[in-house]
Amino acid sequence: MAIATALPIPKDMPGASLTPTPRPSRDRRWLIALRFVSPLLILGLWQLLASTGVFPEDIVSTPIDVARAFGQLYNQGVLIPDILISLRRAAIGLLIGATIGTTAGVISGSWRVGEAIVDSPLRMLQAVPFPAILPVFVLWLGLGEASKVAFIALATAFPMYLNTFAGIRGVDHKYIEAARVLGLRKGAIVKEVIFPASLPAMLVGLRYSILYSVLALVIAETLNATSGIGYLITEAQQFIRTDELMAAAVIYAVIGVTGEALVRLLERLLVPWARTFKGA
Amino acid sequence: MSSSPEVDTDAIVNVIGLHRAYGSHVVIENLNLSVGEGEFVALLGESGCGKTTLLRVLAGLDPPDAGDVSVPQPLAVVFQEPRLFPWRRVWKNVITGVPDKRGGRELARRALGEVGLTDHLGAWPATLSGGQAQRVALARALVREPKLLLLDEPFAALDALTRLKMQALVIDLCARHRPATVLVTHDVDEALSLADRVAVMREGRIELVLQVGLPEPRDRDAPRFRELRRLLLGELGVDV
Numbered sequence: 001m002a003i004a005t006a007l008p009i010p011k012d013m014p015g016a017s018l019t020p021t022p023r024p025s026r027d028r029r030w031l032i033a034l035r036f037v038s039p040l041l042i043l044g045l046w047q048l049l050a051s052t053g054v055f056p057e058d059i060v061s062t063p064i065d066v067a068r069a070f071g072q073l074y075n076q077g078v079l080i081p082d083i084l085i086s087l088r089r090a091a092i093g094l095l096i097g098a099t100i101g102t103t104a105g106v107i108s109g110s111w112r113v114g115e116a117i118v119d120s121p122l123r124m125l126q127a128v129p130f131p132a133i134l135p136v137f138v139l140w141l142g143l144g145e146a147s148k149v150a151f152i153a154l155a156t157a158f159p160m161y162l163n164t165f166a167g168i169r170g171v172d173h174k175y176i177e178a179a180r181v182l183g184l185r186k187g188a189i190v191k192e193v194i195f196p197a198s199l200p201a202m203l204v205g206l207r208y209s210i211l212y213s214v215l216a217l218v219i220a221e222t223l224n225a226t227s228g229i230g231y232l233i234t235e236a237q238q239f240i241r242t243d244e245l246m247a248a249a250v251i252y253a254v255i256g257v258t259g260e261a262l263v264r265l266l267e268r269l270l271v272p273w274a275r276t277f278k279g280a
Numbered sequence: 281m282s283s284s285p286e287v288d289t290d291a292i293v294n295v296i297g298l299h300r301a302y303g304s305h306v307v308i309e310n311l312n313l314s315v316g317e318g319e320f321v322a323l324l325g326e327s328g329c330g331k332t333t334l335l336r337v338l339a340g341l342d343p344p345d346a347g348d349v350s351v352p353q354p355l356a357v358v359f360q361e362p363r364l365f366p367w368r369r370v371w372k373n374v375i376t377g378v379p380d381k382r383g384g385r386e387l388a389r390r391a392l393g394e395v396g397l398t399d400h401l402g403a404w405p406a407t408l409s410g411g412q413a414q415r416v417a418l419a420r421a422l423v424r425e426p427k428l429l430l431l432d433e434p435f436a437a438l439d440a441l442t443r444l445k446m447q448a449l450v451i452d453l454c455a456r457h458r459p460a461t462v463l464v465t466h467d468v469d470e471a472l473s474l475a476d477r478v479a480v481m482r483e484g485r486i487e488l489v490l491q492v493g494l495p496e497p498r499d500r501d502a503p504r505f506r507e508l509r510r511l512l513l514g515e516l517g518v519d520v
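Chains G and X supply the protein sequences, listed in that same order. Mapping of the first sequence onto our numbering: residues 1 to 280, in sequence order. Mapping of the second sequence onto our numbering: residues 281 to 520, in sequence order.
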């Protein structure tokens with residue numbers, strides 16, 4: 001019995017199917033439906049409690065009031081322009097901050113000397129809670145757009161930096177060895193191995209950066225603004241318009257959720273393999 | 281493979297007086313090894329005997345501390361884990377080490393055909409089983425038409441049944457491509473089934489070299505096979 005050689009060349013080994021079996025779709029649809037139902041129930045309950053007088057009517061606005069506030073703001077012609085102004089601040093700040101963060105992360109992640117130069121000042125700066133820097137930026141750059149954008153850039157640079165750095169340093173050395181013995185040179189290893197392997201971590205960084213950009217936007221706009229969503233909030237607060245305050249909160253939330261969805265889309269496009277991969 | 285430090289002119293792998301240490305811990309000491317064209321050599325030994333380090337030196341992954349090492353190019357390595365790049369589809373993994381990427385998909389299809397995996401051309405590596413992934417790794421190594429194939433316990437992580445199939449596959453592929461092959465293993469039967477020569481390593485030295493000389497296909501129940509198995513196991517400190 002010559003086991004080793006009597007066996008035919010395997011055409012395909014059993015026990016491993018290529019495509020993961022899809023989950024039972026009925027259960028899944030039911031769960032997705034529930035995801036929508038429970039927030040709607042909360043909104044309904046809120047509406048009920050507020051309109052029956054359990055919540056004091058002059059302090060708590062009902063969901064319907066908030067919806068009406070949206071209509072009013074829109075009709076006054078301030079809603080869309082203010083949203084656009086805020087979005088622009090967040091986007092420019094994010095672009096600058098994420099670019100700086102990524103660049104610094106690549107430098108210190110892939111180069112020991114770079115790490116020695118870049119890492120410690122960045123970690124020191126990161127130790128400062130970033131809202132504390134805002135007054136400094138206002139003094140330096142004035143009350144206009146520049147200080148807000150710079151502030152958002154500052155807030156978004158760190159998550160991008162930390163995750164890019166961690167992504168590059170976290171690349172499994174085994175892949176780099178495999179690439180080396182396949183004859184890949186340094187440049188090719190960066191392009192074919194290090195970059196794709198650290199991309200998921202960089203997208204996590206981007207996700208946090210978007211979150212932070214909205215956070216920084218709120219802080220910068222609420223402290224001083226003559227336009228934007230934060231300005232809407234300041235105004236609404238002065239006139240005790242809880243409906244408008246909540247409408248502004250909803251807008252911020254929508255911006256945050258949209259940003260998150262954008263990153264998910266990017267993940268689908270750029271790292272389609274990540275959904276199949278459960279770790280090395 | 282002789283113990284005297286002379287260059288074997290017919291050999292394509294020549295290791296003379298190799299030293300390798302990690303700090304004060306000597307892993308390989310004054311080791312000589314040569315491998316002829318198309319020859320299959322198994323390095324047998326228990327963990328920590330330096331066999332993997334020797335393979336890594338041959339692969340160019342670890343530099344020798346002293347001694348001369350000459351290996352032919354191109355060479356290819358299959359590690360204990362497949363080390364497929366999870367971000368590249370199977371066929372792109374296969375042609376990673378091919379300099380000229382034109383017609384790469386066809387090349388990959390042929391290479392995957394040899395390991396029975398043409399159906400998985402466009403799959404993501406993470407969807408493969410361990411055995412399938414290791415076969416892709418074999419295809420990725422052989423598509424480079426290596427003059428030297430280095431196998432570092434490539435079947436150790438597989439289940440027994442898959443391991444036997446993989447061994448049969450490697451016998452078939454090596455017969456077809458005829459690279460010089462160095463296999464690191466701690467499995468005596470594996471060494472005797474695959475290799476032309478078996479070198480037993482202990483504490484960084486080659487203790488024994490055995491010309492297997494068994495007819496192909498090899499019968500693991502043949503008296504001579506059992507005799508050699510007993511001899512090698514005894515050499516490894518296992519009395520049977």
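Be a bit skeptical, because a hint or two may be false.
Unchecked claim - In silico lysine-lysine, PhoX-like type, Cα no more than 25 Å apart, as pairs:
| id | chain 1 | residue 1 | chain 2 | residue 2 |
| --- | --- | --- | --- | --- |
| 1 | X | Lys381 | G | Lys191 |
| 2 | X | Lys372 | G | Lys174 |
| 3 | X | Lys427 | G | Lys186 |
| 4 | G | Lys191 | X | Lys372 |
| 5 | G | Lys191 | G | Lys174 |
| 6 | G | Lys174 | G | Lys186 |
| 7 | X | Lys372 | X | Lys427 |
| 8 | G | Lys174 | X | Lys427 |
| 9 | X | Lys427 | X | Lys381 |
| 10 | X | Lys372 | G | Lys186 |
| 11 | X | Lys381 | G | Lys186 |
| 12 | G | Lys174 | X | Lys381 |
To be verified - Ranges of calculated distance between the beta carbons of each label pair, as one might list FRET restraints:
| id | chain 1 | residue 1 | chain 2 | residue 2 | range |
| --- | --- | --- | --- | --- | --- |
| 13 | G | Ile117 | X | Val489 | 49 to 57 Å |
| 14 | X | Pro495 | G | Trp111 | 28 to 36 Å |
| 15 | G | Leu95 | X | Glu483 | 57 to 65 Å |
Honestly, the hints are just simulated from the structure, not real lab data. Source: prediction; values computed, not measured. The C-beta atom is built at its ideal place from N, Cα and C for all residues, glycine as well.
Hint-by-hint comparison with the structure:
no., hint, verdict
1, X:Lys381 / G:Lys191, "16 Å, holds"
2, X:Lys372 / G:Lys174, "18 Å, holds"
3, X:Lys427 / G:Lys186, "23 Å, holds"
4, G:Lys191 / X:Lys372, "14 Å, holds"
5, G:Lys191 / G:Lys174, "16 Å, holds"
6, G:Lys174 / G:Lys186, "15 Å, holds"
7, X:Lys372 / X:Lys427, "22 Å, holds"
8, G:Lys174 / X:Lys427, "23 Å, holds"
9, X:Lys427 / X:Lys381, "20 Å, holds"
10, X:Lys372 / G:Lys186, "19 Å, holds"
11, X:Lys381 / G:Lys186, "18 Å, holds"
12, G:Lys174 / X:Lys381, "23 Å, holds"
13, G:Ile117 / X:Val489: 49 to 57 Å, "53 Å, holds"
14, X:Pro495 / G:Trp111: 28 to 36 Å, "57 Å, violated"
15, G:Leu95 / X:Glu483: 57 to 65 Å, "60 Å, holds"
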